[in-house]
Amino acid sequence: MSREQQAVARARKAFETGRSKSVEYRINQLKNLQRLFSEKQKEIAAAIKKDLNKTEVGAQFYETLGLEGEISLFIKNLKEWAAPRHVKKNLLTMSDTVYIHPEPLGVVLVIGAWNYPWAVTIRPLIGAIAAGNAAVVKPSEVCVHTSKVMEDLLPIYIDKELYPVVTGGVPETQELLRQKFDHIFYTGNSTVGKVIMEAAAKHLTPVTLELGGKSPCYIDKNCDISIACRRITWGKYSNCGQTCIAPDYILCEPSIQNRVIEEVKKCIKVFYTDNPKMCPDYGRIINQRHFKRVMAMLEDSNIAVGGENDESDCYIAPTVLRDVKPEAKVMQEEIFGPLLPILPVSGLDEAIKLINKGEKPLALYVFSPDNKVIERMRDETSSGGFLANDCLVHYSVSALPFGGVGNSGIGCYHGKFSFDRLSHLRGCLVKKLKMEGVNDMRYPPHTLKKLGWARFFILNTVDVGWVGRMALLAALVMVAAVVIQKYLL
Amino acid sequence: MESQSQVLERLRTAFESGVTIPEKFRRTQLTNLMTMIKDNEEQIVNALHKDLTKPKFEAILSEVEIVMNELHCALGNLTSWMQPEYVSKNLATKLDECFVRKEPLGVVLIIGPWNYPMQLLIVPLIGAIAANCAVIKPSEVSAATDNLIMELIPKYLSKDCYAVVSGGAKETQALLTNRFDHIFYTSQAVARVVLQAAAVHLTPVTLELGGKCPCLIYGRVNATAAAHRLVWSKFFNAGQSCVAPDYVLCSKATCDALVPALRQVLEDFYGSDIQKSPDMSRIVTPKHWTRLMGLLNRTKGKVVVGGEHDEKDRYIAPTVVVDVAEDDALMEEEIFGPILPILTIESLEESIKLAKRKEKPLAFYVFSDESSVLENSSSGGFCSNDGIVHMTLPGLPFGGVNSGFGHYHGHWGFEAFSHRRAVMLRGWALERLNALRYPPYSDEKLSWLRWTTSPKSCSIM
Chain A
0 MSREQQAVAR
10 ARKAFETGRS
20 KSVEYRINQL
30 KNLQRLFSEK
40 QKEIAAAIKK
50 DLNKTEVGAQ
60 FYETLGLEGE
70 ISLFIKNLKE
80 WAAPRHVKKN
90 LLTMSDTVYI
100 HPEPLGVVLV
110 IGAWNYPWAV
120 TIRPLIGAIA
130 AGNAAVVKPS
140 EVCVHTSKVM
150 EDLLPIYIDK
160 ELYPVVTGGV
170 PETQELLRQK
180 FDHIFYTGNS
190 TVGKVIMEAA
200 AKHLTPVTLE
210 LGGKSPCYID
220 KNCDISIACR
230 RITWGKYSNC
240 GQTCIAPDYI
250 LCEPSIQNRV
260 IEEVKKCIKV
270 FYTDNPKMCP
280 DYGRIINQRH
290 FKRVMAMLED
300 SNIAVGGEND
310 ESDCYIAPTV
320 LRDVKPEAKV
330 MQEEIFGPLL
340 PILPVSGLDE
350 AIKLINKGEK
360 PLALYVFSPD
370 NKVIERMRDE
380 TSSGGFLAND
390 CLVHYSVSAL
400 PFGGVGNSGI
410 GCYHGKFSFD
420 RLSHLRGCLV
430 KKLKMEGVND
440 MRYPPHTLKK
450 LGWARFFILN
460 TVDVGWVGRM
470 ALLAALVMVA
480 AVVIQKYLL
Chain B
0 MESQSQVLER
10 LRTAFESGVT
20 IPEKFRRTQL
30 TNLMTMIKDN
40 EEQIVNALHK
50 DLTKPKFEAI
60 LSEVEIVMNE
70 LHCALGNLTS
80 WMQPEYVSKN
90 LATKLDECFV
100 RKEPLGVVLI
110 IGPWNYPMQL
120 LIVPLIGAIA
130 ANCAVIKPSE
140 VSAATDNLIM
150 ELIPKYLSKD
160 CYAVVSGGAK
170 ETQALLTNRF
180 DHIFYTSQAV
190 ARVVLQAAAV
200 HLTPVTLELG
210 GKCPCLIYGR
220 VNATAAAHRL
230 VWSKFFNAGQ
240 SCVAPDYVLC
250 SKATCDALVP
260 ALRQVLEDFY
270 GSDIQKSPDM
280 SRIVTPKHWT
290 RLMGLLNRTK
300 GKVVVGGEHD
310 EKDRYIAPTV
320 VVDVAEDDAL
330 MEEEIFGPIL
340 PILTIESLEE
350 SIKLAKRKEK
360 PLAFYVFSDE
370 SSVLENSSSG
380 GFCSNDGIVH
390 MTLPGLPFGG
400 VNSGFGHYHG
410 HWGFEAFSHR
420 RAVMLRGWAL
430 ERLNALRYPP
440 YSDEKLSWLR
450 WTTSPKSCSI
460 M
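Top to bottom, those sequences are chains A and B. For the first sequence, numbering that gives the first Met the number 0 gives the first residue as 0, with consecutive numbering after it. For the second sequence, numbering that gives the first Met the number 0 gives the first residue as 0, with consecutive numbering after it.
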């Protein structure tokens, strides 16, 4: 048996002991996870610095702050989320118990990404744990140091049989994908997403795919350009542009292009100093392969700001490109780097047309003081999420579902959405073997009269308070008496 | 005749024109669908009788009324389903508008099965009229209903937005090479093929499959009442229901009490010559009949009720087989026919273990007052002391786990065909508050941010 097979088999065996069923057990595991973040901040930050050149504060802000908030939210609400949820009944089932029973799926596979390794690997894990599943965690091998820290630390804090960490590259991931899981949660790019979905098809395994896309950013010429550019600069160059919901490219009228470039240039200086390479708050490209990929995109566009780079350090300066055309190299795939192309458009109509020509993105941004502009953009496009007048921050609201549509992904999570996504919502009807006379109308031999009664009883829903229920019950008993008299006697 | 790609292009153009978005349009389509069913009830019943020898009562209850019920539910609730859902915020986003918008996906494909050819095609369609354009592919196996649907849908629904594509395996495979925004598949046979085709375009899928639905009978149980409900849910549609109780697990004593009760109830329902009763369906095709007879011939159990059959009439009598072992032919696959194996297992715990050794079924039935079964089992849905009826409640999500994924009925159907788009509308004010997040980063800024973005800070406000 391969190492991967063993980990999955152990996780399934641990799941079958039933210990993850109790809400107390799940809350304990989440509390332990919470302790990991409060006790091991230094180790986490050191690894992230090596992988992505983030400062300790940056690592906390972008990675662990969100997780700590999410864990608190879960601990507070888990009991309620995991409880049976009562639903409407029909007349015939009025005296029965009808509810939805949230249950674990079984063994979930969580495949993480490298850009916010803790955020995108642990956040699905939180959902998996809360829903009572076992989970095999496969961190991205691209962020080498963080992946090692996860492998070392997670087993110390949470149940190492239920939640094993399996590290490795493509062959190890492929071996994992040959095993049977009850759900596969993948964060990454669309190309691999298709491979994952195909592998899942063999076992009829449902998937959640958090992918990416080119998230457009439209700037209305009438907006406060200075504030807009500040928010966009922050959203674009955080983590050196390696964010699935970073504003990928800007659409604006030619008349404001120069102003936009000026404002972005100003903000870059304020945030990252005159020399971003020496600024501790500016990140690096994850590795040489991605460095080359991003640099190749510059080939056929005009650089308005930045462009400096250093391959040995995987450094690319915060860069703005002007007068970019839709056919340019930089517009052919998700940039995932610190290049901000500006495509001049004649107005909102052209912007919407251009956006709809591409695949549905994970996020869509519009900066405008005019609600009508915002509404048109929202109504005439489709995207995973939509944010007006800022970038990225919709991610931080746990009550909003976070996920893609079309090429940007399948399914959503965060907060209760994670819990529901990784649960099976089982419909339950608990009856008694009484009131058989009422059932009689559905049994053969069939008559038109019985059909009339059945139509009425089985298929009308009822939603009344206690008094109404009692009144209806009385009526039901009377009717049952009549039915019994007519058909059984 | 239009080619498949022409049909799809037409639907996509219609979708992109935005015509399916206004509530009025969706209501009109749903109302037209209701009219279609009301006006053609007789034709529907006749087609179903031709395909499955479905008794009129069963056709009305399980193919007409259940669809009308879903339509009433959709029309009664569409406005509220379409409303955005506002969500709770943290302090940093207190002044912003945050909500979830239900948006259409685009062009969806619904592939129906042959056992409830109207219900299992039209109920998903109701969800899809939640503002998608839809291509529906009825099962060619239930040919008369397939033809009727082909004829009726274009008469009542917008031809630009909804199209019916007929055909067999070849046409379905060709259809699947196209790109859809959601695929809804009910059946078993080609689930993996559907999923693999969906993976090529990253298309989300709802799979409504089947499985062997166990029926556990333990404790003090009124054998006659249980027999009534068991016979009704098992032999409805001649056992060809994805949620029919597939096999029974009970003790020897219960089995001894149950068998005569089953025999009696069968006679009460269908008379002494069941083949002559107008209330019993037939097996859908000779191929399926042969498969079922094969199972019956290979069983090592004892046939104690029924067993009669007639190939020309595609008839198999309601049959009860006892002394069936776990590795019997009748336990290999979903039966999907009027054969009821009874396995004798003395203890409830052992029964639960046996059921767990099999794949998770679409439904799990228990006749008992024992509550531990729910907690110790897993299935799409659960019903105690009856069969099938849990799926008539639109409030309950109907779907499987391992026996499929995704669910529908009522608002669950609306959600299945919608994209829940997170929307956040920020203002321009409070830019100073935003400064906390901009570089240069500092510990002090971080502490403030922790406070403003935590869920706790909401309750202070």
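Keep in mind that the hints were calculated from the coordinates and are not lab data. Hints are supplied without guarantee of correctness; some may be wrong.
[To be verified] A partial selection of chain A residues facing chain B, derived with a Cβ cut-off under 7 Å:
1. M196
2. G346
3. G384
4. V396
In this text the structure is predicted, and so the values were computed from the model without any measurement. Here a beta-carbon is modelled for each residue, glycine too, at the ideal position from N, C-alpha and C.
Interface restraint verdict for G384 (chain A) against chain B (beta-carbon cut-off 7 Å): holds (4 Å)
Hold the hint about G346 (chain A) up to the distance rule: shortest CB distance to chain B must be less than 7 Å. It is violated, given that the least Cβ distance between G346 (chain A) and chain B is near 19 Å, above 7 Å.
Holds or violated: the hint that V396 (chain A) contacts chain B, with Cβ atoms closer than 7 Å. holds (5 Å)
Taking 7 Å as the limit, does the beta-carbon of M196 (chain A) come near enough to a beta-carbon in chain B? Status holds, d = 4 Å.
In the structure shown, a violation is registered for the earlier hint numbered 2 alone.
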